[in-house]
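Visitor: Residues per chain, in single letters:
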Amino acid sequence: MTLTPSLVLTVLLAATPQHPIDFDTQVIPLLTKAGCNSGACHGAAVGRGGFRLSLFGSNPALDHERIVHELEGRRINLARPAESLLIEKPTEQISHEGGTRFDFDGPEAALLIVWIRTGASRLQRRQLERLEIFPREIPFTQTGQSQRLTVSAHFSDGTREDVTRVTVFTSTDEGAVRVDSLGNVQVLRSGLHTIMLRYLDRVEAVRVLLPFADEPVDPAPDSDSFIDREINKTLTRLRIPLSSPADDAELLRRTYLDLTGRLPAPEVVEAWLAADSSDRHARLVDRLLASDAFVDWWTLWWAQLLRVESKSLQAEGARTYHAWLREQVAANRPVDAMLRELLLATGDSYEQGPANFFRVASGPRERAEFLSEALLGIRLRCANCHDHPLDRWTQDDYHGLAAILARIETGRLVQLSDRGEVTHPRTGEAALPRIPGERFLNDRTSALADLADWLVASDNDALARSLVNRIWQRTMGRGLVEPVDDLRATNPPTHPQLLDRLAKDFVDHGCDLRRTIRLIVTSDAYARSSRTLPGNEADTTFYSHGIVRPLSAEVLADAITDVTGIAEKYGDEPTGTRAVVLFDGRAGSATLDILGRCSREGSCQPATAAGDLSRTLHLINGPLLNRKISEPKGRLRQMLGEGRTDDDILREFYLRAFSRHPTEQERQTWLDRFDGLSESQRTAAWEDFLWALLCSREFTNRR
Amino acid sequence: MAPPRTTHSVRLSRRRLLQTGSAAMVSLGLLGRLPAVSAAGKRSPRARRCILIWLDGGPSHLDTFDLKPDAPEEVRGPFAPIDTEVPGIRISEHLPETARQMRHVAVIRSMTSPLGEHNFGSHYLLTGYRPTPVLKYPGYGSVLAHLQPTDGLMPANIAVPDHNSEGGAGFLPGTAGPFDVGSDPARPDFRVQDLDLFAGIDPDRLERRRQFLDTFDRFTEGVETVPPDDAGFDQAYRLVASRDAKRAFDISSEPQTTRDRYGRRSIGQACLLARRLVEAGVPFVTVRDRGWDTHTDLHNRLKEGFTGGTVGKVPTLDLAYSALIADLHDRGLLDDTLVILMGEFGRTPKINTSGGRDHWPRVFSVALAGGGITGGQAIGRSDAHGESPENRPVTPEDLARTVYTLLGINPDHELVTPDGRPVAVNRGGELITELL
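Which chain is which? The protein sequence lines are A and B, in order.
So the first sequence is numbered by this note's numbering: it starts at 307 and just counts up by one.
So the second sequence is numbered by this note's numbering: it starts at 17 and just counts up by one.
Calculated from the structure, these hints are not laboratory results.
Treat the hints with caution; some may be incorrect.
[Stated by the list, open to error] Estimated spans, in silico, between C-beta atoms of each pair:
#, chain 1, residue 1, chain 2, residue 2, range
1, B, Gly325, A, Ala351, 31 to 39 Å
2, A, Gly949, B, Arg280, 54 to 62 Å
3, A, Pro522, B, Ala257, 46 to 54 Å
4, A, Ser986, B, Val432, 45 to 53 Å
[What the hints assert, rightly or not] Sample of chain B residues at the chain A side, in silico, Cβ under 10 Å:
#, residue
5, Val197
6, Gly198
7, Asp212
8, Arg224
9, Thr231
10, Phe232
11, Ala247
12, Ser404
[What the hints assert, rightly or not] These stretches of chain B come out as covered by chain A in the derived footprint (C-beta under 8 Å, 3 or more residues):
#, segment
13, 143–156
14, 253–262
Don't be surprised by glycine CBs; every beta carbon is placed ideally from N, CA and C.
Start from the sequences and build out the full structure, keeping to the hints where you can.
Guide: Here is the structure:
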């Protein structure tokens, strides 16, 4: 580079020649872009080399103070600006542990020099109002294509400036799309990718799209459902073909599992397969939404989300709490009202179910983390020790939320105390109560109620977005944002408008859990076959086919019981109690342990794999299956004892386990295996059949 | 940006990379300017097996392998250093047995990472890749199991008692993931569950069940040959059929003196079981020891275990680790068995108000032994308070490249994700040449 600093400066300042340099909106972004205030450098909580900046320039006043006044102003030299440490260090004129951040001859140094020469003041001339990014989405057509992004900032004084050069660009998937420091984007792989942009405190996402195929796919049929319109739009643009609708049996089994956590009874299957009407799936959905089994299954969802278990709540608290949650689900209580009651409940937690809400976390900070993770789907934890590096949460947010929750006493008797504080690690003083990302609360006595009001306020969709994303995951098999407890601007949804619409619909219709579930499971996307087509096998994200996933521990244990006819015993519960209704996540059960249950002590993620070798060994050699298949009172022995034919037994097990009839080929294959066996050989062969059925992929997965 | 002129500036640009932590910079080719890792492909590997002792929660470097006796009290902490058999290397007074094995051990005292959250840090250290939302990377053992399948009887990747899920199969097939032994080998009733056939089930029936299950799955998938799934039935059948495999798990057949030598706590017996397993041909064994997240009361947690006791995390580690190295050495196995001792990060230099130390990834220690490495050395230094690397920063990428190279895996080999994308075994690491 041969330009002199002053020449570069002229070029750089051409956009706003008449204005002096503004520290907050010109110097800070430059430091951010150069990495100076990142968490690994001077933005660390303890700074670096004795020089500390706020993370990503979140606190300009402090940064200005430290740059200009700390160490008797050693960092800037008003008389000879180019000899300021602020110039010499990052350009490595003198030794700098962080290396060369920008060139001495470059525009960054030039701007800093002018700023220092003109007095190094903090003018606060303007504030950022909005960012204009062009384009917001890049539709590429071929691998290797490039496109440049431009970013303009609009400020409160009416000025507008091209800030591309000081915007930080990051690809969320380096293997799929690259971006350089000037905003040049190059696509490497098919798919829908994201480039994150950071300028000052704004984090924005640009979507990059490259179709999977050269030729367009057949357009998806029109749909009244906004879910299908969003899903199909993305699939069409990515040129991913749609699998055909699931067949009747697959859809029936899937709907039963997702709405009730159990398999349909054989007579239900037969009636379903025999019926024929266009709205029978919608009617099935309505019937299941009104069933007790739905209440049990979605109470379990709450119980896992809210960590209902006896270690922290004792059996009495867990039982009461679980029963209360079940009442809410049964009554279809609006979720906002239910959560508001949970946050504010006090009293004897053994008698008052909702009073247990905060008892699952031991101290104010743990409560803050629990509340933000379970209800808002955000991980506030990073902001304990420093401002969150990937998100907008600050230490003030973290400790402020903890401060609100510090006055809750959570012994058996839950009550609000008039004291209780948390220490802010930066100031060493009591943290001010604060609604994260919103505002400080001056009145400590009403802080908890203010928090609850904010959480359920109709103009705040944070709660709704988190909950509908979790509901979507539980029914569709994958969250629109994954992981579901990590919602942040830098982890955008696969279908942003869809998440917006679902959240809005949820709030607009009284936070009605059943309504949202109905919307999802009556969509075409939900009813798609899990069988893949050439061109959509690799899709795990865009819902071109049904997502196959393993049954959860509780559902599998109940299904094994239903098929074999032999109940499992859980803790002290009466024999015959189903796993999905257990009020205590820790109820004694080696079976649930080995099947990989969520003990509800932390947040639960659905299992992604079919289990590990220990579980497989248990299925092969353990008592779980071996006892149940050979039990004299069990379904198999009973049927054999009643003299039922092989054909009959086969049909019964297919109906119970797979919710379908065997195909003719399957039927013939199995009947051949049992042909000509002696009585005892026949029994053993049927046991082996039943064992294999209970281990099979069709049985252990939801398709 | 000028190309690096000297070794010094190479290091600077490398550090710069570490410090900004900007993935974007990687793509701009900064790494491409580093010297080519020429030794990687040519070196003949010596390690045929690997035992990873994973200290879950983040062990304090300042109280184990990198003490700062001259630092102020609130940094120095409660423990003093002692000499080891290697002149110049001093470690914690509660690692006296390890001190006697130091000629086999190389301590890296300048490990550095920016990730101070348990899951993020664990993923980074266990895979050599920073976590991203788009892809879960496979742990060391899973890569090894995937690329170098064993002759079949024993699983290639075993964890005692279980593995940290950040170091599982990642994007590789679940069958490459670790087999969790599941129970604590220090328990008197320890045995690996369900290795023996259920009463009344003979091998013929097991075989028929296998065929029946295969029939179901072929019908469901609509194919003639069913691709293996994550549940690992094939591996399980082999394990059940193998007498040698079962014997390998039978820790009770070890002499009492040997069991005592490793220490009777979980980590000791787990290390002993790990030795039996590698002896039986298992190429990768993880020993996971929990409880290193010592936010409170270092003295009790690390030294005593209970008030007045001598069974804290460090003394029990000392027995287990030193016995494992000595035992492997005595059996002639150490030279081709790599032993890695590490956790996800170190702990804060300054002791907190609860008498503990919090998470600190900027500098921490990792110890390697055996597998053909050069022992008896300390690589890199931390600064006066154990806050940052003073020289020679080593990243988890560097460690991964070195471990894979030692294990005979080409770090540039490309694995393939289920959606068909190539991912190198290691990206961006530099060999730690002092070890080789």
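Visitor: Out of the numbered hints, which ones does the structure contradict?
Guide: none
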